[in-house]
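Colleague: Protein chains in written order, with the numbering used here: chain A, 1 to 222; chain B, 223 to 327.
Don't take each hint at face value.
As the list claims (entries may be wrong) - Negatives, chain A to chain B, calculated, CB over 12 Å:
| no. | residue |
| --- | --- |
| 1 | Val21 |
| 2 | Gly26 |
| 3 | Ile183 |
| 4 | Ser196 |
Said to hold, decoys possible - When the alpha-carbon atoms are kept at most 20 Å apart in a straight line, the in silico EDC-like pairs for lysine to aspartate or glutamate are as follows:
| no. | chain 1 | residue 1 | chain 2 | residue 2 |
| --- | --- | --- | --- | --- |
| 5 | B | Lys257 | B | Asp231 |
| 6 | B | Lys312 | A | Glu56 |
| 7 | A | Lys163 | B | Asp288 |
| 8 | A | Lys31 | B | Glu316 |
| 9 | A | Lys205 | A | Glu194 |
To be verified - Cβ-to-Cβ under 7 Å is the rule here; a few derived chain A residues that face chain B:
| no. | residue |
| --- | --- |
| 10 | Asn48 |
| 11 | Glu50 |
| 12 | Ala148 |
| 13 | Ala159 |
| 14 | Ile161 |
No lab work stands behind these hints, which were simulated from the structure alone.
All residues carry an ideal CB built from backbone N, CA and C; glycine is no exception.
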Amino acid sequence: MAQAQQNPTRMELTRLKKKLVTARRGHKLLKDKRDELMRRFLALVRENRELRERVEEGISSCNRNFVLARASMSRESMNVALMAPKQEVYLETDTQNVMSVEIPKFSFRTRTQNKDDIYSYGYAFTSADLDGAVKSIADILPDMLRLAECEKACQLLAAEIEKTRRRVNALEHVMIPQTEESIRYISMKLDENERSSQVRLMKVKDMMLESAHHYKEKLETE
Amino acid sequence: MYKIAVMGDRDSIYGFAAAGLEPVVAEEAADAAEKLRRLAESDYAVIYITEALAEKIEKEIARYADRPLPSIILIPGVTGNTGSGLRSVKRSVERAIGSDIIFGE
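All chains should be built: construct the whole structure from the sequences, respecting the hints.
Modeller: Next up, the structure:
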């Protein structure tokens, strides 16, 4: 499948040969990139899965605790208790470059340094279940943030792997074979031209010799 | 300085307020989509969203998939775990590898 129109010239041949070298090198580099991305992605995705299972488990137990707390308190007193949260989370983001993919890194600070200083209410009017529920949420928070980081990284890496894989395949199955085919076509065409011009020259030489020495007439007279 | 938001129905999220996350109550798809857009454009780096709500505004969420920020994470709500969080992880594996080799059940 030579490309439709290709000028069979030496210049075109040189150009194509250069292109082939570049394409081969690009293919090799992209393949390495894909393999490395894949390795990292697999490690991340395993971590992502574990974190997700842990976080989902944690959140459903938090929800259970809250349901219990709600059952033993009036809605109003619960709203009042949680109205003004004591804790605040500040997030710093940074990016990490993994094979030219920018993935976010989060680090967080909480407003109160003391881990047990998270209850935004006095203990007199609330049930003990609420304390447990609030505590369980505070406990799961670091895992939740790590999950956010990990899952985003997975999504970004997946997109990049998809792109890289397409490029590798395009080079491997389209660009490189097509260029090789064109090179073969042009070099055959050039060879053919050379042969035909050689034959033409031999013929012309014969004709010139004939007109100079008249071999045929001499043969006939003898 | 970035902040963290939690979106979903009231019962599922108000517990997170105690831990210092910003609760954003939304139940209807249109309302949620609008709120999500507003959060994503201001300085929220992480937005947790309940699975039930996420199913209603899947398209909106997909728009942020290829951006570094914000990170939108599904969490189970008070009504239980629908498994769509794990499914989204699975989808990214399928996208990267072509077939699912991690969660093969």
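Colleague: For each hint, tell me whether it holds in the structure or not.
Modeller: Verification of the hints:
1. Taking the minimum C-beta to C-beta distance to chain B, about 30 Å, the non-interface status of Val21 (chain A) holds against the 12 Å cut.
2. The beta carbon of Gly26 (chain A) sits about 21 Å from the closest Cβ of chain B, which is more than 12 Å, so the claim that it is off the interface holds.
3. Against the 12 Å criterion, Ile183 (chain A) stays outside the reach of chain B, whose nearest CB is about 32 Å from its own CB.
4. Interface exclusion of Ser196 (chain A) from chain B stands, the closest Cβ pair being 50 Å apart, more than 12 Å.
5. A hinted pair counts as satisfied when its Cα atoms are at most 20 Å apart, and Lys257 (chain B) with Asp231 (chain B) qualifies at roughly 13 Å.
6. Taking the CA atoms of Lys312 (chain B) and Glu56 (chain A), the gap is near 16 Å; set against the 20 Å cutoff, the hint holds.
7. Our distance criterion of 20 Å between C-alpha atoms is met by Lys163 (chain A) and Asp288 (chain B), whose separation comes to about 12 Å.
8. Under the criterion of a C-alpha separation no larger than 20 Å, the hint pairing Lys31 (chain A) with Glu316 (chain B) is consistent with the structure, at around 19 Å.
9. For the hint linking Lys205 (chain A) to Glu194 (chain A), the alpha-carbon distance of about 17 Å falls within 20 Å, and the restraint holds.
10. Hint on Asn48 (chain A) holds. Least Cβ distance to chain B is approximately 6 Å, under the 7 Å limit.
11. Checking Glu50 (chain A) against chain B: minimum C-beta separation of about 11 Å lies over 7 Å; hint violated.
12. Using the Cβ-Cβ criterion of 7 Å, the hint placing Ala148 (chain A) at the interface with chain B is satisfied: the shortest such distance is roughly 4 Å.
13. Among the interface hints, the one on Ala159 (chain A) holds; its C-beta lies about 5 Å from the nearest C-beta in chain B, closer than the 7 Å criterion.
14. A distance limit of 7 Å between C-beta atoms decides the matter here; for Ile161 (chain A) the minimum to chain B is near 4 Å, and the interface restraint holds.
The structure does not agree with numbered hint 11 stated previously, though it agrees with all others.
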